[in-house]
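Chains A and B, in that order, are what the protein sequence lines are. Using this note's numbering, read the first sequence as starting at 204 and increasing by one per residue. Using this note's numbering, read the second sequence as starting at 204 and increasing by one per residue.
Honestly, the hints are just simulated from the structure, not real lab data. Bear in mind that the values here come from a model prediction, so they are computed numbers and not experimental data. Don't take every hint at face value.
No distinction is drawn between identical chains; accordingly, a pair holds when it is met within one copy or between any pair of copies.
[To be verified] Computed cross-link-like contacts, SDA-like style, restricted to lysine to any residue with a CA-CA straight-line distance of at most 20 Å: (1) 407 x 229; (2) 445 x 475; (3) 445 x 214; (4) 445 x 338; (5) 445 x 464; (6) 407 x 453; (7) 445 x 222.
Number of protein chains: 2
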Amino acid sequence: MSGWIDEEHRGVRYGLAGVSLVEETSPFQQISVIRSERYGRGLLLDGCWMTAEHQERHYHESLVHPALCGAEAIERILVIGGGDGGTARECLRHNGVSHLDLVEIDGRVIELSREHLPGIGGSAWSDPRFHLTVGDGIAWVAEAADASYDVVLVDGSDPAGPAEGLFNRSFFEHCRRILRPGGVFATQSESPEAFRDVHIAIVKLLREVFHHADPLYGWVPMYPSGWWSWTFAALDSPRYLKARPDRAATIAGGCEIWTPRWQEGGFAAMPAFVERALQQ
Amino acid sequence: MSGWIDEEHRGVRYGLAGVSLVEETSPFQQISVIRSERYGRGLLLDGCWMTAEHQERHYHESLVHPALCGAEAIERILVIGGGDGGTARECLRHNGVSHLDLVEIDGRVIELSREHLPGIGGSAWSDPRFHLTVGDGIAWVAEAADASYDVVLVDGSDPAGPAEGLFNRSFFEHCRRILRPGGVFATQSESPEAFRDVHIAIVKLLREVFHHADPLYGWVPMYPSGWWSWTFAALDSPRYLKARPDRAATIAGGCEIWTPRWQEGGFAAMPAFVERALQQ
Numbered sequence: 204m205s206g207w208i209d210e211e212h213r214g215v216r217y218g219l220a221g222v223s224l225v226e227e228t229s230p231f232q233q234i235s236v237i238r239s240e241r242y243g244r245g246l247l248l249d250g251c252w253m254t255a256e257h258q259e260r261h262y263h264e265s266l267v268h269p270a271l272c273g274a275e276a277i278e279r280i281l282v283i284g285g286g287d288g289g290t291a292r293e294c295l296r297h298n299g300v301s302h303l304d305l306v307e308i309d310g311r312v313i314e315l316s317r318e319h320l321p322g323i324g325g326s327a328w329s330d331p332r333f334h335l336t337v338g339d340g341i342a343w344v345a346e347a348a349d350a351s352y353d354v355v356l357v358d359g360s361d362p363a364g365p366a367e368g369l370f371n372r373s374f375f376e377h378c379r380r381i382l383r384p385g386g387v388f389a390t391q392s393e394s395p396e397a398f399r400d401v402h403i404a405i406v407k408l409l410r411e412v413f414h415h416a417d418p419l420y421g422w423v424p425m426y427p428s429g430w431w432s433w434t435f436a437a438l439d440s441p442r443y444l445k446a447r448p449d450r451a452a453t454i455a456g457g458c459e460i461w462t463p464r465w466q467e468g469g470f471a472a473m474p475a476f477v478e479r480a481l482q483q
Numbered sequence: 204m205s206g207w208i209d210e211e212h213r214g215v216r217y218g219l220a221g222v223s224l225v226e227e228t229s230p231f232q233q234i235s236v237i238r239s240e241r242y243g244r245g246l247l248l249d250g251c252w253m254t255a256e257h258q259e260r261h262y263h264e265s266l267v268h269p270a271l272c273g274a275e276a277i278e279r280i281l282v283i284g285g286g287d288g289g290t291a292r293e294c295l296r297h298n299g300v301s302h303l304d305l306v307e308i309d310g311r312v313i314e315l316s317r318e319h320l321p322g323i324g325g326s327a328w329s330d331p332r333f334h335l336t337v338g339d340g341i342a343w344v345a346e347a348a349d350a351s352y353d354v355v356l357v358d359g360s361d362p363a364g365p366a367e368g369l370f371n372r373s374f375f376e377h378c379r380r381i382l383r384p385g386g387v388f389a390t391q392s393e394s395p396e397a398f399r400d401v402h403i404a405i406v407k408l409l410r411e412v413f414h415h416a417d418p419l420y421g422w423v424p425m426y427p428s429g430w431w432s433w434t435f436a437a438l439d440s441p442r443y444l445k446a447r448p449d450r451a452a453t454i455a456g457g458c459e460i461w462t463p464r465w466q467e468g469g470f471a472a473m474p475a476f477v478e479r480a481l482q483q
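With the sequences and hints as input, model every part of the structure.
Structure follows, in C-alpha cells:
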C-alpha cells in the first residue's frame, strides 16, 4: 500500500511518502520497515522514526566521532542499542578500534535491519572486531568489569518502552564505572525542542554523574522537530570537545556531515533557553 | 474544520494539528492562517509554512542579531519582505536603530498578520522608527541611494513566486551598492538538506558579489527538514561572525535561542558536504 507513513508527536507529524514492507510485533516493540520515495528504506519502532538509508549519517556521525576522536584510547568500544548497525559501522572506521561489543535487546531489529537496510550496518556485520550480543544492555553494563571500555555509546530510542532504563542515574553510574581512564561516554539526548524537559534533565544528570558533560546540537530531519542532541561525558576533562587531528584525518574524508569544525559548532550552538535552564 | 495542515515537499510532509482560520488568494499568492494545537496561530504562503506564534523565534533571532550585532553602525535598516513583522520587531529591540524601512510586496500578508498574529510584529507596528511600504522590494533596492542603509535584511519565501527575484546577482549587487561602509547584508538561504543546490548556489553567489559571505546554520522545525540557514555578507570584513559585546548585552536577555555563543556555533556548524561544495 502506497501512501504516507507518519510519526505523530504532540500535535505535529513528520511523514514520508512510501510503502510499508514489514509490520510486526516483537516481544519488545512494534517494528515497521518502509520504503520511502525520498530517503530509501526506513525503520520505525513503536511508530517513531529511527533511521533511513539516506538520512542516517546525521545521527551516526554525530554520536560516534566526537567520542572516538576525543577518548585517550579507543581499543575497546561498547555500543548499547544500535541494532541497525550504523553506530558500529562508524566506530569501525577508526583503525584504533580492536574490539566492539554491541548489545541490542531486540534481535528482530537486527535481523530486519540486516535484511532490509543492509547498507546501514555495512561492513560492520562481517568485521572480525565486531561482537554482537542480543540481550539487555542495562544488565550488560551492570555486569561488566570496572574500567573495561574506552568508549561507551548509547544508541537507544526515547526514554519510554525498552529504552527507559538507559536514562537514569544507576545506568549512568555503571557506564562511568566501566570506563577506562581517559574514556568517553555518549548518548543520544533527545530534542531540546520536542523533548525539552527530558533533554535538560539528561544533561543535568550526566553533569552530576560525570565530572564533565556537554550536549552537541545537530539535525535529524525525521526526528521530532529535526533538532536533535547527543551528550558526551568524561571524568578527567571535556576531552570530547576537540577532535584529535590524527584520528579526524583518517575518517573525515568519508563523512557527509561531521568535520572537526562542525563538531565545535555543534557544541557551541546551545540555545539561550537551555543555557539558562542548566544554570539553575 | 479540525485536522492536519501539512506542507509537502519532495515526498516529505510536516503537519500541524489545527484548524483553518483564513484561506484567501491575494494578487501574489495563496495565504492561509491556521490555529495549531502546538504552536499557536500560523501562516502559510502557497502552502508553505512561514511562521507560527510559538515557533518564530528561531527564524527571526537568527536572521537579525548576527547582522545587527556585527555592523559598524545600525542607524538605518532595510527589511525586504518580513510582512509578519517579526524581523522588524527583533531589529527594533536594538536601541541604535533610528529608522527601519520594511518593504513587503503583499499588503494582505501584513493585514492578516496584524489581525491574526499580532504578537509576532508586536510593538514594531506602532514604533515611530518603523516605516512600512507595501511595494516591490526589488524596485525599492534598485532605486535606493548609494550607501543609504547600515543593514539590509531579506526575509522572503523560497526562490519561486514573488520571492524569485530576491536571489539573483542583480538584486544582490544593488544590496551591496546601497550598504554604507561597515554595513552587513543578510538573507535567509534555504535548507542545506531540503534545498541543497539552491543553498550552495546562494552562498557562492554572495561570495562573488560581496568580499565576505558565510552561512549560519540553525533550526526552524516547521520548514522542510528543520535544518535552515541564513547567509551574512559584508565588504570590509566578516564582521557578522562575532557579536559586539555592547549590543549583545542589551538584547541577549530577551532572546530564546540566540546568544553570542550560539551564533559562533551556527557559523561553525557547516556540514562536510557543503564545505566540499564551496571549495569547488
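Hints, verified against the model:
no. : hint      : verdict
1   : 407 x 229 : neither (33 Å within a copy, 50 Å between copies)
2   : 445 x 475 : between (22 Å within a copy, 16 Å between copies)
3   : 445 x 214 : neither (38 Å within a copy, 37 Å between copies)
4   : 445 x 338 : neither (33 Å within a copy, 49 Å between copies)
5   : 445 x 464 : both (9 Å within a copy, 16 Å between copies)
6   : 407 x 453 : neither (33 Å within a copy, 28 Å between copies)
7   : 445 x 222 : neither (42 Å within a copy, 47 Å between copies)
Hints 1, 3, 4, 6 and 7, counting from the list given before, are not met by this structure.
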